[in-house]
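Residue numbers (this note's numbering), protein chains in the order written: chain C, 18 to 508; chain B, 16 to 139.
Keep in mind that the hints were calculated from the coordinates and are not lab data. Be aware that a few hints might be false.
[To be verified] With the Cβ distance kept under 10 Å, some of the chain C side facing chain B (calculated, not the full set):
#1 232
#2 298
#3 335
[What the hints assert, rightly or not] With a Cα cut of at most 25 Å, we get these calculated DMTMM-like pairs of lysine to aspartate or glutamate:
#4 C:309 / B:41
#5 B:125 / C:310
#6 B:34 / B:50
For glycine and all other residues, C-beta sits at the position ideal for the given N, C-alpha and C.
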Amino acid sequence: MKLNFSLSLKLTVMVVLVSAIVIFSLTYINIEEQAISLENVYSDKAVTLSQALDTAIGDHDELTDKQKSQNYILNFSKLNSEILKVSINLPDEEGLKVFVSTDMDSINISSSQYNNFSYENDAVVNIPIHSGNSHTITVITPINLSGQIYGTYEMLLSMNASYTAFDVRARNLVMISVISLFILIFSFLYLLRKIIVKPVIVFRDAAKIIGEGNLDTKIKIKSQDELGELSNAFNKMTNDLKKSRNKIEEYNKILENLLDRKDEFIGQLGHDLKNPLQPLVGLLPVIMEKEKDPKIKEHLNILIHNVEYMRDLIIKTLQLARLRSPDTKFDMENLNLMEEVDNVLTSQKLFLNENNINAKSMIDNNIFVEADKLRSVELFNNLITNAVKYTPEGGGELTINAKKGKDFVTISIKDTGIGMTEEQLSKVFDEFYKVDTSRCEMDSSGLGLSICKRIVEKHGGRIWVESPGKGKGTTFYFTLKSANEKINKNL
Amino acid sequence: MVKTIIIVDDDPGVRYTVKAGIEALDENYQIIPVENGMKCLEFLGNNQIPDLILLDVMMPEMTGWETYDRIKENEAWRKIPIVFLTARTDRIAKDAGDFLAEDYIEKPAKIPELKQRLDNILKK
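For reference, chain B alone in the conformation it holds in the complex:
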């Protein structure tokens, strides 16, 4: 069964890396790159529910935290696991990430390691 993952990041390099890297390692993954929080919410609004959302924190206009809140507000989307993928490594960000999300992964991340962690979450 194909697993769908949305990657929300304003950096095209990151979006490409995650999509190309994970799909190259495992054909059972389908990565949907999205460039900001609004687009992510639009995507979800079209009733396309992914298996997991990879969310950057520091994005212009709508931050990862805000996007997170908006997703969790919606009854239908609340159960989607969210993983933060961010360059912010200060303590507050890490604590919040650990507390709120399924996982908190620091950039730059090695794709095999990233995939390993996503696998673990999706197995649950």
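Chain C extracted, bound-state conformation:
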């Protein structure tokens, strides 16, 4: 259920973040706006109160009478419980100063707070202060005296009553937004499951079943949206896949049949070619032995050479066809690699000497491999013949070595012959491929290395070739399963 979890989780986190940001921003803006409008209400109230005070004082000339002014504001401040402080600020030589105040203790603070106030400007100044549960606003209004600003009224109002009510409302607002956020998340999760996650699970399970090879699976999502379209496309894909698979299976059968027939044909052809070849192969050496005329002997030599080549081609083609056949069984036994290679080199001694090849085996006595004796001899013979064939007439060296790995023994056959280019290296195991068509056409069937590859692969090993380049020699490598000691399985 990993898919279910992570898809929901990702989308939920995203939606929670977005909606939280939106809801809380809206809430914040709303509260801010209300707070500002509340301040405006108090500001208006203070202006109205100041105008009332101004009207009550009536004659501005009386303002300079400290005792009178003091009485005015003291009486005035008692009119409204929200009035915390009333001051009248008048100018002296230094500027605007508090002249009288209902709270003379805070004169200094008050004056220091507002001494920047320019009385030439007749604007109303609002200074709201919110600290903890205390919400106050200081409103300064100008006193106009015959068209000129003479001083200011300063009124400190408590907004606590309104703000307490406002706080409750704001708290409710936040609560409502949190609740609506949760409702949003849960309804989103529910819709997510119903609309996306469930169909996705249906698709996932269907894909799994199809992956296992059951192409009869159909998805039954009928919704008229993208998922419905996806479901249709999915079903069509499955159907197409089924058709393609059936076609491939059909072609496979045809191919298998053709391959069988090809091998059968090659087998039969090879067999039928052997009999008519018997008189040529059989009698030409007899004629050669009896013949005295050197000119005819030369002709015979060419005939024998070609007939031998044909014989080699037929035998190797048959061999390859047989190696490919699945019912070809190998007799696996544990072989001492050194002994086997020494035997091969001994049997090839004449051939190697004729071609001036100095062959040596560096294999240790304690390496054993699991292999079919006859086939491995054939493998070594083919690789040695190949190495000799591609070493110039002057002769060269041939080194056979073996390295024991964990499960496999890697055997190398290194020659000092004509070497190979990259292109040749890649094709050397292909059937009927010849490295040097001009030079070796008549000596090579082009099948020897294909046979080697077959033999090695039938043993569960791998064969490859390396060459530093043209003229620098070639090394063939192949692997055979490592065996621990010489225990013949047949015993």
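Dock chain B against chain C, hints included.
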């Protein structure tokens, strides 16, 4: 002393090659070509016992194996050495040939090499 060898093969080319080739190399050999297993048994039935029989395996009507069995069933013929000469080179054929017969020679064979192997058997 002249050695008599019967070559049993349905292919006239093979019969001719073996007869002409071996007789050309050595006058002391007499090769009797026979075209199938039945004819071979007929020949033996006339009390003409050869020194060796060269037997093809894949022949119509009676195979080389059957011919081999029929020869070995007869007390008087049992000791005649039999060599298979065949184009069949698969493992079962080779193992059976090696096991049953004196030798197993693959077609197409070079006559000098064939004669060498027959010489070795006849010397025993």
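Cross-check of the supplied hints:
{"no.": "1", "hint": "232", "in the structure": "violated, 42 Å"}
{"no.": "2", "hint": "298", "in the structure": "holds, 4 Å"}
{"no.": "3", "hint": "335", "in the structure": "holds, 7 Å"}
{"no.": "4", "hint": "C:309 / B:41", "in the structure": "holds, 17 Å"}
{"no.": "5", "hint": "B:125 / C:310", "in the structure": "holds, 21 Å"}
{"no.": "6", "hint": "B:34 / B:50", "in the structure": "holds, 13 Å"}
When the structure is compared with the earlier hints, a violation turns up for hint 1 alone.
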